[in-house]
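Q: Listed below are the residues making up each chain.
There are 2 protein chains.
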Amino acid sequence: MNFCSQCGSTVRFDIPEDDTRPRHICNSCGVIHYINPKVIAGCLPVYEDKVLLCKRAIEPRNGYWTLPAGFMENGESTRNAATRETLEEANARVSNLQLYTITSLVPVSQVQLIYLAQLDDLNFSAGDETEDVQLFSEEDIPWKELAFQTIRNALKFYFEDRKEGKFPMRHVDLETPAGQYVDKSIQSI
Amino acid sequence: MNFCSQCGSTVRFDIPEDDTRPRHICNSCGVIHYINPKVIAGCLPVYEDKVLLCKRAIEPRNGYWTLPAGFMENGESTRNAATRETLEEANARVSNLQLYTITSLVPVSQVQLIYLAQLDDLNFSAGDETEDVQLFSEEDIPWKELAFQTIRNALKFYFEDRKEGKFPMRHVDLETPAGQYVDKSIQSI
Ligand SMILES: [Zn+2]
Ligand SMILES: [Zn+2]
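Chains as they are written, first to last, in the working numbering: chain A, 199 to 387; chain B, 199 to 387.
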């Protein structure tokens with residue numbers, strides 16, 4: 199950030215009065231510009247014994263498989279964001295959303311929520327940011343071609359939990375850029 | 199937003215190519231400025247049969263009681279944010295955090311996470327944004343002087359759940375500015 203989005207003047211990076219962290223402060227109008235983590239919401243859509251994955255047609259991780267997920271927009275709930283992203287990326291309708299994983303991606307300042315969901319029908323297809331959409335059985339999951347550690351975690355949790363028939367929420371903190379998660383940070387309720 | 203924070207030129211509010219929503223787009227450098235929901239994290243600190251509340255010394259809702267909570271910062275996990283806010287607002291140390299409520303505050307584009315937590319000791323005191331900090335028994339909770347609907351919900355859930363000795367996570371969507379929540383949106387797992 200170089201300029202104030204309110205008045206167009208230059209900003210300095212300094213600790214405001216009554217604060218403990220440096221912020222972008224306008225040199226003219228004095229407004230403080232806060233930069234906060236972003237929320238990503240998505241679904242793990244299940245149909246019979248299969249799960250739905252999307253092959254990414256955009257960077258990052260172009261060509262790798264992921265769950266339908268994306269940035270939450272203003273004016274929507276996290277559940278609506280997850281449903282909307284599933285519709286946009288896979289033209290797929292889901293229901294019975296249940297929060298399944300919440301992950302803090304600390305190095306990139308993101309919080310990712312993945313909902314376990316029922317895929318309503320088979321009329322799915324690739325959206326604009328997607329190259330391909332397919333249902334996968336456990337034995338066909340392309341583990342080495344998954345886009346993100348969070349997606350790998352969600353799928354791993356799902357196939358483990360399915361054996362027990364219980365799907366407790368998992369709370370994970372990813373502290374390292376490489377994406378190895380810290381085991382002790384997992385809260386399962 | 200009136201000016202581009204990258205180059206200082208004017209922005210227009212228009213739907214970018216390959217998008218479905220209007221965004222602030224720079225008329226000079228073309229960068230798209232996304233505005234996304236913010237995450238608020240906090241704790242419901244419990245000590246024996248009492249819970250810790252803070253009397254707000256800042257707007258909004260100056261003088262009303264709340265749980266220690268605030269905006270998540272870049273570079274921290276949601277749990278770290280909840281712990282940090284509890285330390286900043288109440289000079290209180292907590293442990294054994296368990297995600298208890300997740301609320302989408304749709305009209306203000308916020309996602310609030312409240313963790314049930316154990317208050318470690320009684321050496322708490324008012325932080326800079328707090329007028330008073332006290333432990334309250336259920337019968338002494340100032341229900342009519344609580345700052346926010348989300349705080350009322352968390353406390354209501356807590357005292358209900360305490361009778362059963364089980365504290366399932368609650369997932370609430372608040373769709374109206376007045377803050378009445380939609381009952382069917384509550385997911386309890
Ligand atoms: Zn300014
Ligand atoms: Zn610009």
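There's no promise every hint is true.
[To be verified] Listed next, the in silico DSS-like pairs over lysine-lysine satisfying Cα-Cα at most 25 Å (straight line):
| id | chain 1 | residue 1 | chain 2 | residue 2 |
| --- | --- | --- | --- | --- |
| 1 | B | K364 | B | K248 |
| 2 | B | K248 | A | K236 |
| 3 | A | K364 | B | K253 |
| 4 | B | K236 | B | K248 |
| 5 | B | K342 | B | K253 |
| 6 | B | K248 | B | K361 |
No lab work stands behind these hints: they were computed from the structure.
Q: B/K248 and A/K236: Cα distance at most 25 Å?
A: 34 Å, violated
Q: Within a Cα-Cα threshold of 25 Å, do A/K364 and B/K253 meet the stated pairing?
A: 40 Å, violated
Q: Run the distance test for B/K364 versus B/K248: straight-line Cα separation, threshold 25 Å.
A: 17 Å, holds
Q: For the pair supplied as a hint, B/K342 and B/K253, is the alpha-carbon distance within the 25 Å limit?
A: The given pair, whose Cα atoms are some 13 Å apart, holds under the 25 Å limit.
Q: Does B/K361 sit within 25 Å of B/K248, going by the straight-line distance between their CA atoms?
A: 14 Å, holds
Q: Against the 25 Å threshold, does the CA-CA distance of B/K236 and B/K248 hold or violate the hint?
A: 30 Å, violated
In the structure shown, a violation is registered for the earlier hints numbered 2, 3 and 4, in ascending order.
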